[in-house]
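S.K.: Listed here are the chains, written in short residue letters.
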Amino acid sequence: MRDQITAGKLLGAMRADPPLVQCITNFVAMNIAANVMLAAGASPAMVHAEEEAGEFAAISGALTINIGTLSSGWLAGMLKAAQSANAAGKPWVLDPVAHHATAFRRNAVARLIELRPTIVRGNASEIIALAGGASRGQGVDSRDAVEQAEDSARQLAERHGCVVAVTGVTDFVTDGRQARRVAGGSPLMPQVTALGCSLTCLVGAFAATAPDAALDATVAALAVFAVAGEQAAKAANGPGSFSWRFLDALAGLDKEVLDREARISAA
Amino acid sequence: MRDQITAGKLLGAMRADPPLVQCITNFVAMNIAANVMLAAGASPAMVHAEEEAGEFAAISGALTINIGTLSSGWLAGMLKAAQSANAAGKPWVLDPVAHHATAFRRNAVARLIELRPTIVRGNASEIIALAGGASRGQGVDSRDAVEQAEDSARQLAERHGCVVAVTGVTDFVTDGRQARRVAGGSPLMPQVTALGCSLTCLVGAFAATAPDAALDATVAALAVFAVAGEQAAKAANGPGSFSWRFLDALAGLDKEVLDREARISAA
Amino acid sequence: MRDQITAGKLLGAMRADPPLVQCITNFVAMNIAANVMLAAGASPAMVHAEEEAGEFAAISGALTINIGTLSSGWLAGMLKAAQSANAAGKPWVLDPVAHHATAFRRNAVARLIELRPTIVRGNASEIIALAGGASRGQGVDSRDAVEQAEDSARQLAERHGCVVAVTGVTDFVTDGRQARRVAGGSPLMPQVTALGCSLTCLVGAFAATAPDAALDATVAALAVFAVAGEQAAKAANGPGSFSWRFLDALAGLDKEVLDREARISAA
Numbered sequence: 003m004r005d006q007i008t009a010g011k012l013l014g015a016m017r018a019d020p021p022l023v024q025c026i027t028n029f030v031a032m033n034i035a036a037n038v039m040l041a042a043g044a045s046p047a048m049v050h051a052e053e054e055a056g057e058f059a060a061i062s063g064a065l066t067i068n069i070g071t072l073s074s075g076w077l078a079g080m081l082k083a084a085q086s087a088n089a090a091g092k093p094w095v096l097d098p099v100a101h102h103a104t105a106f107r108r109n110a111v112a113r114l115i116e117l118r119p120t121i122v123r124g125n126a127s128e129i130i131a132l133a134g135g136a137s138r139g140q141g142v143d144s145r146d147a148v149e150q151a152e153d154s155a156r157q158l159a160e161r162h163g164c165v166v167a168v169t170g171v172t173d174f175v176t177d178g179r180q181a182r183r184v185a186g187g188s189p190l191m192p193q194v195t196a197l198g199c200s201l202t203c204l205v206g207a208f209a210a211t212a213p214d215a216a217l218d219a220t221v222a223a224l225a226v227f228a229v230a231g232e233q234a235a236k237a238a239n240g241p242g243s244f245s246w247r248f249l250d251a252l253a254g255l256d257k258e259v260l261d262r263e264a265r266i267s268a269a
Numbered sequence: 003m004r005d006q007i008t009a010g011k012l013l014g015a016m017r018a019d020p021p022l023v024q025c026i027t028n029f030v031a032m033n034i035a036a037n038v039m040l041a042a043g044a045s046p047a048m049v050h051a052e053e054e055a056g057e058f059a060a061i062s063g064a065l066t067i068n069i070g071t072l073s074s075g076w077l078a079g080m081l082k083a084a085q086s087a088n089a090a091g092k093p094w095v096l097d098p099v100a101h102h103a104t105a106f107r108r109n110a111v112a113r114l115i116e117l118r119p120t121i122v123r124g125n126a127s128e129i130i131a132l133a134g135g136a137s138r139g140q141g142v143d144s145r146d147a148v149e150q151a152e153d154s155a156r157q158l159a160e161r162h163g164c165v166v167a168v169t170g171v172t173d174f175v176t177d178g179r180q181a182r183r184v185a186g187g188s189p190l191m192p193q194v195t196a197l198g199c200s201l202t203c204l205v206g207a208f209a210a211t212a213p214d215a216a217l218d219a220t221v222a223a224l225a226v227f228a229v230a231g232e233q234a235a236k237a238a239n240g241p242g243s244f245s246w247r248f249l250d251a252l253a254g255l256d257k258e259v260l261d262r263e264a265r266i267s268a269a
Numbered sequence: 003m004r005d006q007i008t009a010g011k012l013l014g015a016m017r018a019d020p021p022l023v024q025c026i027t028n029f030v031a032m033n034i035a036a037n038v039m040l041a042a043g044a045s046p047a048m049v050h051a052e053e054e055a056g057e058f059a060a061i062s063g064a065l066t067i068n069i070g071t072l073s074s075g076w077l078a079g080m081l082k083a084a085q086s087a088n089a090a091g092k093p094w095v096l097d098p099v100a101h102h103a104t105a106f107r108r109n110a111v112a113r114l115i116e117l118r119p120t121i122v123r124g125n126a127s128e129i130i131a132l133a134g135g136a137s138r139g140q141g142v143d144s145r146d147a148v149e150q151a152e153d154s155a156r157q158l159a160e161r162h163g164c165v166v167a168v169t170g171v172t173d174f175v176t177d178g179r180q181a182r183r184v185a186g187g188s189p190l191m192p193q194v195t196a197l198g199c200s201l202t203c204l205v206g207a208f209a210a211t212a213p214d215a216a217l218d219a220t221v222a223a224l225a226v227f228a229v230a231g232e233q234a235a236k237a238a239n240g241p242g243s244f245s246w247r248f249l250d251a252l253a254g255l256d257k258e259v260l261d262r263e264a265r266i267s268a269a
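Chains as they are written, first to last, in my numbering: chain L, 3 to 269; chain D, 3 to 269; chain S, 3 to 269.
Please keep in mind that the hints were generated in silico from the structure rather than gathered at the bench.
Okay, the calculated beta carbon distance ranges per label pair: (1) K236/D <-> D256/S: 21 to 31 Å; (2) E116/D <-> G135/S: 48 to 58 Å; (3) V259/D <-> V259/L: 35 to 45 Å; (4) E149/S <-> R179/L: 49 to 59 Å; (5) R262/D <-> R113/S: 58 to 68 Å; (6) R118/L <-> Q85/D: 31 to 41 Å.
Note that the coordinates shown come from a computational prediction; the quantities given were computed from them, not determined experimentally. Just so it is clear, CB atoms sit at the ideal spot from N, CA and C, and this is done for glycine as well.
Please model the complete structure; the sequences and the hints are all you need to start from.
M.R.: Below is the structure:
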């Protein structure tokens with residue numbers, strides 16, 4: 003009988019051998035995402051240029067792609083990096099920020115998803131729209147609840163053979179066969195910009211640590227955010243004081259405490 | 003008799019229906035500007051690429067353009083976005099960062115201002131130079147006092163039919179007919195990078211909330227910064243501790259407190 | 003007999019006449035680097051575009067170039083800026099982030115170093131690789147100790163006629179003839195992203211203040227970071243609370259305290 007892969011065990015494994023993760027993310031998220039990764043114990047590298055994105059993906063443990071501040075030049079780098087990650091057998095994570103807002107984004111995400119991401123993480127509106135449904139998203143914000151995106155997540159997971167994570171008040175994760183919910187976090191989290199983008203990078207770090215267990219890796223990253231978010235919120239007075247307490251909580255998160263406090267359930 | 007449009011009423015209206023604001027800003031400001039917007043109650047989206055900037059401006063409540071880290075590719079997106087905002091009848095705000103420093107910037111701002119911004123916000127040196135005067139600005143810093151830029155602001159407002167805001171120790175705002183001063187804030191604010199750029203985005207949020215009252219909207223945004231800045235400075239020990247307290251103060255700012263503490267006067 | 007150029011004297015001189023420093027840095031570092039510069043007393047300007055980078059370098063007191071999130075367009079701006087700084091006799095600083103990771107970076111750094119930087123600052127793995135040695139760097143992280151890079155630093159300094167700074171637990175600085183060590187800082191500093199990049203910008207500020215004393219200027223910047231880092235770490239509980247305390251410490255750093263607490267030694 004195989005030992006259970008807990009979030010705490012994966013956190014310990016990640017810190018014992020910090021994975022190099024290539025993060026192609028947006029300009030808003032760059033700094034906070036790198037700080038989240040360092041605090042949690044991973045080794046982020048923001049490398050996006052077409053001239054080197056493919057070469058770098060081959061030497062990284064995982065790749066994450068976020069289209070938040072997309073342009074054509076960056077899209078070219080994203081495509082090369084995803085192709086290279088596939089060729090090298092490395093997991094990669096797609097964050098389709100506001101892909102429903104413009105034709106440029108819709109086309110970009112259609113090309114990226116053809117390159118078979120290991121994991122897709124988005125808010126409810128993004129996941130609904132990605133599955134072809136009618137989302138109520140406005141700009142980068144979700145106006146749909148996670149529960150309303152569960153069927154869309156299952157459809158996407160089956161169609162593309164990937165793990166899909168819908169994050170919100172209570173997160174939902176599925177690989178099309180199994181599904182789990184991760185509760186926790188804080189209402190202050192959506193008031194801090196780019197925490198969702200940062201979570202995408204952390205999902206990549208866990209995927210690098212456990213490349214053959216993408217569902218468990220995704221759940222572990224979400225649980226880390228949920229527990230550290232609850233801890234940080236206790237003494238915070240607003241989004242400003244939450245933000246730095248969250249980094250402290252990530253850096254100080256004990257793996258046993260993580261397993262004890264994480265509220266993960268089958269769905 | 004029409005009810006007075008106070009800063010507090012506009013803040014309440016903005017939070018009741020958070021406006022989607024397209025912010026084309028610089029790389030330094032991206033994160034803090036988005037955090038300022040979220041804390042105040044708006045919904046920012048950083049969308050700049052020529053491929054989609056125009057399409058996105060048409061669905062946004064307002065647009066803000068800041069040339070802080072300008073390049074030709076970004077300028078193309080800015081021009082398309084401003085044209086689209088005009089076509090859709092949406093207000094837009096221009097922040098001509100350090101436009102006096104190089105020929106590239108001067109030319110870019112000349113093209114942008116031809117697209118009739120609703121509001122221009124800058125420091126004293128930028129506004130003086132924009133009106134054709136001899137400013138003493140060095141790089142992105144103003145070396146002129148707000149008072150020295152008042153005539154320039156009036157000239158610009160009349161020439162371009164826009165509201166002009168000169169921000170500094172005491173801000174000055176005019177539409178060429180009326181003018182107001184907004185006092186408050188803290189000497190720590192210029193020690194935190196990109197707060198002026200963030201303010202430009204917030205001016206856009208208020209303009210989206212009150213598109214037919216650009217002067218009142220601008221004054222409201224400046225008053226929010228002035229009052230929250232004073233509150234944050236009380237317990238701060240330097241620019242680092244000021245910065246996160248400022249976000250907390252923005253998020254916690256009560257609209258009645260805003261109207262009570264704001265020091266707005268006719269000029 | 004000439005008065006000794008201490009770090010405290012240079013800090014006082016910098017604050018008395020804040021130098022305009024053109025910082026071409028990466029997207030992760032943009033905000034924290036500007037905040038570090040403002041807190042310490044310098045005047046940063048993030049100007050990178052090929053269209054204006056050269057013009058701006060001529061009016062700046064110093065230039066810093068960091069290849070962290072390199073692309074071809076940015077490299078073009080870097081080359082123009084470095085050429086212009088040379089033509090105008092202004093000091094410039096090179097930060098060869100992860101240059102050993104890809105061919106694109108190696109080629110870029112080879113072209114930049116031909117333009118004779120006044121100072122090169124990097125971690126041990128970067129400096130070893132730059133001198134042609136076998137580094138163990140992974141992504142942007144050093145896996146080599148400063149001590150192992152001392153010979154490489156001396157070789158580079160002699161070969162290129164520049165000052166070389168290797169930063170880590172105890173920093174090492176040499177101009178090929180003299181060498182010094184700067185101790186201090188905190189283990190929390192590498193847990194905060196882009197503090198090394200921010201230090202590169204501050205080296206530029208001190209070089210602008212003392213263009214004829216590049217070794218002393220570099221040592222002063224490193225000493226400022228070491229002393230402020232130690233102060234900030236005293237009350238910090240993790241990388242989040244360290245980060246803002248570090249900015250407060252920089253802003254509040256007294257020049258006499260700096261000279262008293264700095265641990266600078268001949269090497």
